[in-house]
Amino acid sequence: MMAVPLNWYLILSAVVFSIGIFGFLTRKNIIIMFLSIELMLNGVNISLIAFSHYLQDLRGQVFVFFIIAVAAAEAAIGLAIIMALFRNKSTAHVDEMSEMKG
Amino acid sequence: MNGYLLIPFLPLAAFVVNILLGRRFIRGKAHWVSIAAVAASWVVSVATLIDVMSGKTLDRNLYTWILSGHFTVSVGFLIDQLTAVMLIVVTTCSTLIHIYSVGYMHGDDGYYRFFSYLSLFTFCMLMLVMSNNFMQLYFGWEGVGLCSYFLIGYYFRKKSASDAGKKAFIVNRFGDFGFGLGIIVIFLTFGTVYYAPVFSHAGEIAGRTVNLLGHNVSLATLIALLLFCGSVGKSAQLPLHVWLPDAMEGPTPVSALIHAATMVTAGVFLVARCHAIFDLSETALSVVAIIGALTCLFAATIAIVQNDIKRIIAYSTISQLGYMFIACGVGAYGAGIFHLYTHAFFKALLFLCAGSVMHAMAGELDMRKMGGLKKYMPVTYMTMLLASLSISGVPGFAGFFSKDEILWLAYSGSSPVGKFVWLIGTIVVFLTAFYSFRLIFVTFHGKFRGTHEQEHHLHESPKVMTIPLILLCVGAVGAGWVGIPHLLGGGAHFTEFLGPVLGNPEGHGTVSQEWLMMAISIITGLAGIGFAYFMYVMRTDLPEKVAEQFRLIYRLLFNKYYIDEIYSYLIVRPTIWAAGNILIGVTDRHIIEAVVNGVPEAIGGISRRLRRVQTGLLQNYAAIMATGALIIVALMLLR
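Protein sequence lines, in the order shown, are assigned to chains A and B.
At position 40 of the first sequence the residue is numbered 40 (my numbering), and the sequence of numbers has no breaks.
When you read off a place in the second sequence, starting at 1, and then add 1000, the result is the number in my numbering.
In isolation and in its complexed conformation, chain B is listed as follows:
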């Protein structure tokens, strides 16, 4: 047990050391502290995985955190198969991205600050995945949100960055409000917030209803959907996805670690962890699947017309998270976590490659000004190409196995919306391949379109950046090999390993159907790549013509369906109006200020009249005293 404690607390220690001593003493060496801590965490995580594989799981409380009546919460740790997988994902990505940051953030003013927050983030994320109760999960959940806010707004002198940080934080409030309510309902229903008793008694609430605003709602559906609210916010699903593209204002390693590999997948982790509750409600599962599918399609369509390389990858992340929710929604939690695990590698890699390109282009993000980078940055090109092959679902690469498993289980599973989400998922396979390779072709092929100075500056990134790229690339290519399906002669070890926690649903289709589905997804993916090659390498004049032809659709997609504008008119402006005219205009000015200023004014008025009594003339006082004494004596005598 005690060894496991090192996993979250080493990064915490690194945070404390860096934040206290970093500014004065450690400065440019801050990475040593953070990297040592997170690498040690990784080693312990691997040991933990080996323990868990040999069958040792653990659920233990460390100490009582909150004790109030019947409400008890401990800081406690649950180490099971799901936790072990998450630990590996988090610590591996975190370690490599820490190392990459040494090169990427080199010479930055806030170097120590960056590494402190990165360590703090790792601590919170590990607390989130290792928790054995909902309160500690919530602590980690908010902690990673806070670190996300810090790191998005890392370049806080830039207004767009600090605005993006605020946006991420505020949008997440909407989701977390539901999540918080969900935890409260769980406590009211089960009388505890620990996983073990909640999940083992979950079956008892099947069929129970509660009266909500006059409607009878199934209790399980209510709890599941409230928890899912949190997931929607954290994992940037419709309609709360707006914060994630803006979060790209943060440094690129942050985008890779927080906004691709780990934090945003916490929503999927939550649904998988609480699957005992979700399983009780068909409605809730269908909502999860449909939201996932819509987000998946929606984000992918936006990604195909954007020009900012980081934003393309951000929309791609939203879209891939949609896949994970599709998996959870059709009951294939194992497949969802499998995709989470492979996605962490190839998406972190895509982001780090984008960072490497930015590094060479002196911060330029618009890929219309790039082109032909292939010959200047061979390592970045190769790794990014492999990551793109992986995300496009080319057979043999990590993304293929996880995506194929999701699509197959969606098609063949028992979910009522399975066929629908399968169809959308397959369309998105095409779109994913298309936008990923559009990015590759426009950035790395053709002629350089930037200025002469920029061309002169082009260079491959230093070793400290390219080595993490290569290591992540190994994961992006090979991470899926632990879960090769039975159909291809593998053992589906990954989902089987998670089976004790998440269940292991089987598809209800024939073998030939499974082959067919696999063939469809492979062909769609390759078609997407081919189409991108046709448009951006062979007929480079075509994209503009197409954009001209479908002007309206192009504008709609380019402006991200005007969601930001709609929110601005529907929510942001009315809120600001209400704040200005009601909260400041009425409450503040006429109620609070009236009381705050009125009381002292009244007292002042009374005292202004009263002080005339104080003449300063000694004999006046004496006369008043004598008169008073006389009156008292008179009263006593007359009584």
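Next comes chain A alone, as it looks inside the complex:
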């Protein structure tokens, strides 16, 4: 069986990451932006796993586990914040939330 070359993984990772950035910058719904962040995180995860496999080094995988765990916690908090925001503002549109303007 022919192994999938490293480049492919990296390209996939870059594509997923770019989609995440694109989504984060262009979409105005806060939930979609939140999902885009998750996409970016997973794009990074893919490249970490790919290198871990390529270099036969488990440290990359350990790293990914940590990222997933932290991302889970972050998702919990993030969603809670979004819920609170939504209750206050009755909207999920980010341009409405500009109180921190200088």
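These aren't lab readings, by the way, just hints derived from the structure by calculation.
Just so you know, these numbers come straight off a predicted model, no measurement behind them.
One or more hints might be untrue.
Stated by the list, open to error - Pairwise CB distance ranges, derived in the manner of DEER restraints:
(1) Arg1609/B to Asn88/A: 27 to 37 angstroms
(2) Asp57/A to Leu1637/B: 18 to 28 angstroms
(3) Glu99/A to Val1016/B: 56 to 66 angstroms
(4) Leu12/A to Gly1616/B: 46 to 56 angstroms
For glycine and all other residues, C-beta sits at the position ideal for the given N, C-alpha and C.
Here the structure of chain A is known, so what remains is to put chain B in place on it, guided by the hints.
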């Protein structure tokens, strides 16, 4: 040693107790604390005098106060003959005046405050005279100045009183500036500020000169004159005398204690204490004698035309201080201290009598509105009469012995200006007798010239006031008997006692000359009294005619030679102008405010522009972040 510590620290303790607890708890009983403390100080002072008379002197450091490189200062005490005399003068006057104040200040709002300051003053004065180094002397010196300021401005709601307090403090700055410099020069020259090493090495600086602004000045003259600057300020000599007459705004016991008996004589004490330095410089001594003589004459001439009884006595004080400086200037330090000692009694007494008169007259000070008080206030009259006889140099009274000794030593001493200051001193004997008895005759003789209500109110002061008067009167009459000259069969014990500290110069005249001098001063004094009797009792219309005849001179004297006005134009107004137009107008407004306001304005301007970056739009931030990350990556790749 430890017993001696009680002398200054008991009044300090009384001050602390009164100032902390006086307002709430002690109130009208504040005098008990202060009087107990100062009376105990007096008892210890008497014991100290007895110790010193048996030959025990002491110079010991209590603890190190300042230690900085080679500069060491201790709180230390020097008990010698001079200190012992000063202790007796200060504690005796202070005790009696404390007691008198109980009656005089009765019912005053600031009763506890008054006694606290009086105790603090006594502490500072005692520290001043007991010190064994220049720094502690300076501490006491400034301390008494501060208390003087507090007490002159005691009736601080009255503008003239608070102004007078400020004036006293500011005028003293001029003198103390020189005094401070003098101490610095002493430290630079001798490497120490303790009396003992400074005075024992003083001889080594004879003939040394220092370059001052291109002139070579004798070092001894420089130090002596700088120290004398302090004396001129504190003892109200020309040209810094202006504060003392105004200081009469304070309560009368304060005038008696601070501005007659003790604080103002600190200048004389300083010169006497530092005589080892003054002796090295003939110039400095002549300056001291001439300033003393001029002040003596100047103040006496003003005193003869004033109408405010306290001011007359204040000018009299300035004039008498002039005598003490004459004595110091001709090298007769012992005689100067002798006059300081007798003067303390009769001058404190004069002031307290004036206070007693004020008390009866409900605060009236203008003697044109008095007259005939003799029959209402017999005790005050008698004591004031005796004090006036004493100050006029009538034989047998305290003032006679001390003044006569000064005049004789001025005439017969080796000082180059001796004859000149003797002449002025003798003229002033006449003036002194004249103005003192003018005061007596106008106030106590003749008919009462005030309102009917005032006449009804006239009464002798309570016992608590008259008893101190009587006790001080004993001093005013008899204090001189410890120093009766050899000529009159006495032992001149006073100056002999001070001899180990101050030296004991002998006059270079014959016995017949001494008799002649004494006769001249007695006759001049009696002539002054007689002239006053003639003008103010026999021919009461005469004073006005004389004033009319010599209108110009009268106006000049009445307005105190316009010195206050001259100072106002030469110093006060230019200073206020400079403060307003340079310090406020330029420095404050254009430099300090420019910096203080300019810096925050600049920061504000920058931040106003910078804050536009903060749009509050989440995706703007994200875009900037992404762009930044991209740039970093690009840079890394391209490198």
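- [ ] Hints the structure violates: just list their numbers, smallest first.
- [x] When the structure is compared with the hints, only number 4 turns out to be violated.
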